[in-house]
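These protein sequences, in sequence, are chains P and U.
First residue of the first sequence: 2, per the working numbering; consecutive thereafter.
First residue of the second sequence: 768, per the working numbering; consecutive thereafter.
Keep in mind the hints are simulated off the structure, nothing from the lab.
Don't take every hint at face value.
Unchecked claim - Listed below are the simulated SDA-like cross-link pairs for lysine to any residue, each with C-alpha atoms no more than 25 Å apart in a straight line:
(1) U/K866 with U/Q939
(2) U/K815 with P/N121
(3) P/K134 with U/V806
(4) P/K134 with U/I995
(5) U/K967 with P/K134
(6) U/K815 with P/G122
(7) U/K967 with U/T848
(8) U/K866 with P/V35
(9) U/K967 with U/Q1042
(10) U/K908 with P/Y241
(11) P/K134 with U/W955
(12) U/K908 with P/V23
(13) P/K134 with U/A1015
(14) U/K967 with P/D100
(15) U/K967 with U/W955
(16) P/K134 with P/N121
(17) P/K134 with U/L799
(18) U/K908 with U/P827
(19) U/K967 with U/D942
(20) U/K815 with U/D942
(21) U/K967 with P/A97
(22) U/K908 with U/I995
(23) U/K866 with P/K134
(24) U/K866 with P/P13
(25) U/K908 with P/L29
(26) U/K967 with P/I18
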Amino acid sequence: MRLRRRVLPGLPLALGITLVYVAIIVVLPLAALVFKAASLGPEDYWRIISSDRAVASYRVTVTCALAATAFNLVFGLSLAWVLVRYRFPGRRLVDALVDLPFALPTAVAGIALTTLFATNGWFGGPLSLIGIKVAYTPLGIMVAMSFTSIPFIVRTVQPVLEELDPALEEAGQTLGASDLSIFVTVILPLLTPALLAGVSLSFARSLGEFGAIIFIAGNQPFSTEITALLAFIRLEEYDYPASAAIASVMLLTAFVMLAITNFMQARALRYTVRG
Amino acid sequence: MAHHGKGKPPRVGDHPLFRRALLTFVLVLVGLMIVAPLVVIGVEAFSKGVAYFGASIADPDTRHAIMLTVITALIAVPVNTAFGVAAAWAITKHDFPGKRLLTVIIEIPFSVSPIVAGVAYLFVFGLQGLFGHALQAMEIKILFALPGIVLASMFVTAPFVARELIPLMQAQGRDLEEAATSLGASGWRTFFSVTLPNIKWALLYGVVLCNSRVMGEFGAVSVVSGNIRGQTNTLPLHIELLYHDYNAAGSFAAASILAGLAIVTLVVKVALERQGAGRIQRPSALAGADTVTPEVKP
């Protein structure tokens, strides 16, 4: 510990640039949105955000995001496990491909998934024979949400799995515990903070996703219309107050999710950092 | 590591049957959910032959969309990079009140839906927004024009460079810079000859990811651009337009350019990760830049 720190130069310039940029690019638009929504008055605001169509859109968005996140929890954990603990040909390629959903623009993902899952598509054809329709149903929304958020759980769990001390498992094995019971009682508790961090990131992303979903969703009010699309439709109808109100609900949700994900990540990191 | 070679005991989940089952489950899902979407883009792009693919790309509207996307990236990415470096320098090399709050605010765009971002910009620069009428009086066009597209792109990518640099520069500390300035180096000299060599891979990593997002951004740009064909349509918007025009082959031809960019991005990303970029565990923004010391993995 040094008592007297030498002060490095450049703070006024660096902080000046940072504050101006953050103020204009990030804070100003969000403040303008809140201002617009607040100018509505409580009665109008409540009427818009509690309208049947808006509530139906929250239900569709939240239900599909929960289902997609549950799927990604199983898929993401399995994927991370396989990448860390098994050696197989093509492992590095699979590891690189995990990030494709982040690198691929959402509109491109949207048209690709829609083409695959349409009734004449590679997956949609066989699925329609057994009576399952994916494109233009809530299932399609779940598929798009799962796709765009796959990397979150894999990338939060992977480093924790890599650092897992083999001695802990060996202790269980020496005591004669089965693999399943070691996984449930030793490994899973160690992975839980990272899993929760990944789950909250994945869920938050699914709530806000737009591009990948609108192509495959069908976008029927009350059944396959997500909240982000409703905010967009209100704009196209020149109903700006309604758009502002609905967008402000999404913004508030995003802030709540940001607080939750930050808390989860801080917790996960505490469990990862070793002295 | 305790065990090597022949004596290595089987670990949990190493039972051959379980291993095979889990590997199959994962690889099938990766094939269906990640590889298949990529393959279908290529197949659909060439579904009407190479000549049609060429004609789709050479179409003036498509060429204009590509140009607009490239111009947007040429403005948004360098500005964003300058911001990211400035923010990381201020936050990691100095102490000032409100540092933690600033770190959180920089991360906000990462959590906000692109649609919300687009709608928010409308209420700043649109006629129903804060400055709309003033801008109209001065005949400055921001919405439904290039400036709006660039601003919306900057919003969604604001954290990209900063979030790569902040944890790394936090972990590297200030000792080298302090030594350089005490030996008489100027601030700029210190940055370029001491700091920059240590952060160059992480910086490039952030720039590549930022560029990928700018070129592919759909939701936010879709709100502010007005979708005017051949004028304010970026490549992702043009893909949507062609798709809804029932020109699937043309749409996928345009999409294949962005899919190609995504693959290049992944390859560069892996190469940069080999240089050590992107491997720092990020401390949470709310936990504060200085409460948790990030761990650099070997």
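Hint check:
1. U/K866 with U/Q939: OK: U/K866 and U/Q939 at ~18 Å, within 25 Å.
2. U/K815 with P/N121: Holds, at roughly 17 Å.
3. P/K134 with U/V806: holds, 22 Å
4. P/K134 with U/I995: With Cα atoms ~34 Å apart, P/K134 and U/I995 exceed 25 Å; violated.
5. U/K967 with P/K134: The hint is violated at about 49 Å.
6. U/K815 with P/G122: holds, 16 Å
7. U/K967 with U/T848: The given pair, whose Cα atoms are some 12 Å apart, holds under the 25 Å limit.
8. U/K866 with P/V35: holds, 24 Å
9. U/K967 with U/Q1042: Holds: U/K967 and U/Q1042 sit about 10 Å apart, inside 25 Å.
10. U/K908 with P/Y241: With a Cα-Cα distance of about 20 Å, the restraint between U/K908 and P/Y241 holds, given a limit of 25 Å.
11. P/K134 with U/W955: violated, 60 Å
12. U/K908 with P/V23: The given pair, whose Cα atoms are some 22 Å apart, holds under the 25 Å limit.
13. P/K134 with U/A1015: Given that 25 Å is the threshold and the Cα spacing comes to 21 Å, the pair holds.
14. U/K967 with P/D100: Judged against 25 Å, a Cα distance of about 22 Å means the pair holds.
15. U/K967 with U/W955: Answer holds: U/K967 to U/W955 is near 16 Å, not above 25 Å.
16. P/K134 with P/N121: holds, 11 Å
17. P/K134 with U/L799: This hinted pair holds, its Cα atoms lying about 16 Å apart.
18. U/K908 with U/P827: holds, 24 Å
19. U/K967 with U/D942: holds, 18 Å
20. U/K815 with U/D942: Distance of about 61 Å is beyond 25 Å: violated.
21. U/K967 with P/A97: Roughly 22 Å separates the two Cα atoms, so the pair holds.
22. U/K908 with U/I995: holds, 14 Å
23. U/K866 with P/K134: violated, 50 Å
24. U/K866 with P/P13: holds, 14 Å
25. U/K908 with P/L29: holds, 18 Å
26. U/K967 with P/I18: With a Cα-Cα distance of about 20 Å, the restraint between U/K967 and P/I18 holds, given a limit of 25 Å.
When each numbered hint is compared with the structure, violations occur for hints 4, 5, 11, 20 and 23.
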